[in-house]
Amino acid sequence: MSHDNSSPSFFQHHFHDVEQQYETSKFGMWAFILTEVLTFAGLFVAYIVYRSWYPDMFVGVHKLLDVNKGLLNTVVLITSSLTMALAIWAIQKNLKKLSIFMLTATFVFALAFLGVKYQEYHHKYEVGQLPGKYYSYMGPEVVEVIKDQDKIDLYTRTKNVYFDAETNRFYKTMNNPHIFFSIYFVMTGLHGLHVAIGMGLIAWLIYSTARGKIHHKYYTPMEMIGIFWHLVDLIWIYLFPLFYLIG
Amino acid sequence: MFDWLTEFFFPKQVSTFASDIDNLFYFIFYSSLVLFLIVVIGMVYLSIKYRARKDEPLRLTSSKDHSNLLESLFFIIPLILVSITFVWGIRSYLKMVIVPDDAIEIKVTGVSWFWTFDYPDGGQTLNELVVPSNTPVKLVLSSKDVLHSFFIPVMRSKMDCLPNRYNVMWFDATKEGVYDIFCTEYCGTGHSAMGAQVIVMKPAQYEEWASELGADDDSIPLDELGARLYTQKACNTCHTEDGSALVGPSFLQTSQMYEQERVFDDGTSSVIDDNYVRSSILEPQTQIVAGYQGVMPTYQGLLNDRELDALIAYIKSLDGDSQI
Amino acid sequence: MIENVKQNYLTHPKGIMSWLLTLDHKRIGLMYLVSGILFFFMGGLLALGMRLELAAPGNDFISSEQYNNIYTLHGAIMIFLFIIPAIPGALGNILLPLMVGAKDVAFPRLNLASFYIYSFGALFALYTIVNGGVDTGWTFYTPYSTQSSSNVVPMTLGIFIIGFSSILTGLNFIATVHKMRIPGLTWYKLPLFVWALYGTSLVQITATPVLAITMVLLMLERFLGIGIFDPALGGDPVLYQHFFWFYSHPAVYIMILPAFGIISEIIPVHSRKKIWGYKFIAYSTLSIAFIGFLVWGHHMFTSGQSVFSQIVFSFITYFVGIPTGVKIFSWILTMYKGQVSFTPPMIYALSFLFLFTIGGLTGIFLGAVALDIHLHDTYFVVAHFHYVMQGGTIVAFLGGLHHWWPKSFGTMYNQTIANICAFGVFLGFNGTFFPQFLLGLRGMPRRYATYSEQFVELHSYSTFWSGILGFSIFFAIVNLFWSFMKRNKVDPGSNPWGGMSLEWTHTSSPPHPHNFETDPVFEHGPYDYDKVIVEKTYKK
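Chains P, H and S are the protein sequences, given in the same order. Just so we're aligned, residue 1278 is where the first sequence starts under our numbering, counting upward by one. Just so we're aligned, residue 21 is where the second sequence starts under our numbering, counting upward by one. Just so we're aligned, residue 97 is where the third sequence starts under our numbering, counting upward by one.
Chain P extracted, bound-state conformation:
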């Protein structure tokens, strides 16, 4: 039996040995990653469906997103993936302080990512580029003057037509721009939620490593959270071009 006193403190007794425990955790984590991928897959399908329904609208409306901020966030998140990997490397080499430093750096990068995201969201909130029925933005990017002002009856059934009293003309908005923002907010929001959860986990890692609960002989939690963090990074690498770089 493995109930002897020599077994290390992190060993759970329903396993045969430490090796089995490690393998099982890793396996479970990968199965969880599969679940995560499927979660986002549903949203990617929604994205594909609506982009194929309204191709012009997607291309037109994506210009409302700030590519520079998106690019900045991509760089930040990729760097944080690197520091996460370095933290695991450091703990394997028993470099506790370096590992804590790298984890802290990862945490800070994640915070920076959310900060930039907040700025983007805030701006959209201000100008009314919101999902569904809360959408109110009517900037030049989504509106065009209807050329044949007298044939207006043809358009009135499509609901995209409105009349501006100042210019005394009818305008046509793009096909359902709010749908783009619905999908944008749901997908980036869910991704942001993952970043926030990841930050919580990393904070816990910093604490546990500092307390010596995670060390060069037992760093399974750090490795697992590392896998999770790479997934979060990977999803962003898909989201960035799909929203910011189309057209």
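Do not rely on the hints blindly, as some may be mistaken.
Dumping the calculated DMTMM-like pairs for lysine to aspartate or glutamate here, alpha-carbon to alpha-carbon at most 20 Å [to be verified]:
#1 627(S) / 85(H)
#2 32(H) / 549(S)
#3 627(S) / 76(H)
#4 1410(P) / 165(H)
Because the hints were derived from the structure by calculation, they are not lab data.
Dock chains H and S against chain P, hints included.
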């Protein structure tokens, strides 16, 4: 096939493709029956033949656990059966989706909880679809609110009605008569009352009917016209004549309360008069009687002024006895 | 055989906290079982209420609104609170580690967490009931579900939360099967119930997240009007149906695969015969789980999808049928040259074969597009899925409970009463649901609170038998728990059916808190009735 059997399993066959679909059913039914009997007889036979007798000692049993011949049979025979079923199912289905060019086109709209039918030469009916026999009829379906599904059992045909989209179905009725229509996509409280009827007429009779459709009902007295509209326009789905409450308040109650106060769910109240009845029909969401839900659709555009007057006259007439 | 065992998991350790904070898979399984059965009774009462209303055509007993609430809650409770969590959660939790020779599941704390997540989700479902119900149907089709004034949000939130519990249980089982088997217990030596749970878990971890995200979108639609499913805002209600059935069709296999596993255990043990076609049954479990992901469109044959999609979905649908058919033949042939005893579990297994065959064959009717157009959303569909879900899954679940009851809880029920109840379930079930096939063929739509005169006879017939079905199930379960109350204990070394897998040969009844007194050693396969004689030992 056998008429008595058709009547046992199915409603009448009225559309041109109904018998084909029924025959597909019988094919699957009889082949399934054979497979089912093999399963049940095999199960009963084996379990009784190899039952453990009383006081029989436990013994090592046969190690036979496969038979290539049997397994191949189990694979191949069902495969053949389902292949036939699949091909037959698709062939019959294609007949059901390819609409003949000379079909007359009727627009069907599902509204919670009635059906409206718009005919090619103008005119509209409610909950009564009139079609000529031996003529292809194309239905263009949509919905004003939630999902509905338009089902005519005797035609063996059905299609969902979606808001902001059009679906198409067609049939060619072979027998004159009056048949049921059901809503088969759940749509709320009145779902089970959202029935209608399809009336199949001889083509000549249909022509006559269609030309009269647009004509006015001026000759009929108002309250009689109202009584007719009460069922034609599906008021009876939600409002009774006998005082009992369905989805909406009974017309008898409204009639009895004429010139009296009625309380609404927002606490306000108003006297029941002709204007009140008229606005309740045209803008049903503005004043909702306390204790009921605001689920009635607007009849704006579905009733002309004379028809509105007729309904008002009819509602007032319900309480006729007690007024004396 | 194990004798003189002092400890078992039911009595050791003691105290309420030792139950609430237990990491023991058997205790967690028992908690799932009790809560699952409570919800089963709740769903069953709702079903009887529906049948009572449908005994006669008008609104005689309850109003249409009440009927709509009742049928929605019946569906949602039975599916999301009983069938999906209860079989893997109860029987799976209790048996899976025992069958692979492990001391516990791979992640015991996660296991407890998933039970509490399930309970938390169930609270929302209960709140829904107390707060006046929900009237959208368990499918929550948009746009009705975004407009209905009933409790759509609490119910979908409950389902969303319970989804996490499903995912975590699935994760746990997969890791357990992969990593916790004892040496020598290779994949092909595993009991088929383990294979079935493995297939189920794969579907759980891949399909459930899609349901979760669908429920989130539905809630956002209600809260924020994001318009993804709302036609008025340029969205597509049919997309909702695609999302929903992408989960809910595989969910059918989450429900039926464990039942296949149970039947694959009961029949060889009670026939004392090596199972027919082991590898085929094992692989067909996985292939059914996989193909199950590709057929969701057959729920939407009348939604107006393209002709091409109709053809493809109909085609793939038939591919699920064939492996299932071969499984049925394998189970029957297992009895060939065996020693068959008509014990209560065996009676349930045989009625499973009868009922599930009908359920499966009527699926062939629905897979044929032209015929499905007529049958879609009628009582034919209602009868079909009840033959699969109740005649299949629930009958197998009852059989499994009777089979493993003495093992799990160390008590033996009255077998005569159990047999009578099993017959009652069989007769009552057929009496209730067979007439519904005819109703559907004759055009009776489903989800109707009232109906026209032509359907009266069959409906009242169905209602009459539903009472018998209800009583039989109730007494079958009472009979089981009664043995527990009466402390009709079996000897700890009992192996009443002569089972051969590890849970019968290497543990006591009820099992030791750590499952095995000594580390189990793999000696023979689970179905080696041709090589080893395992005595039937059953002493009071």
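Hint by hint, here is what the structure shows:
1. 627(S) / 85(H): Judged against 20 Å, a Cα distance of about 13 Å means the pair holds.
2. 32(H) / 549(S): At roughly 17 Å apart (the allowed maximum being 20 Å), residue 549(S) and residue 32(H) satisfy the hint.
3. 627(S) / 76(H): holds (18 Å)
4. 1410(P) / 165(H): holds (18 Å)
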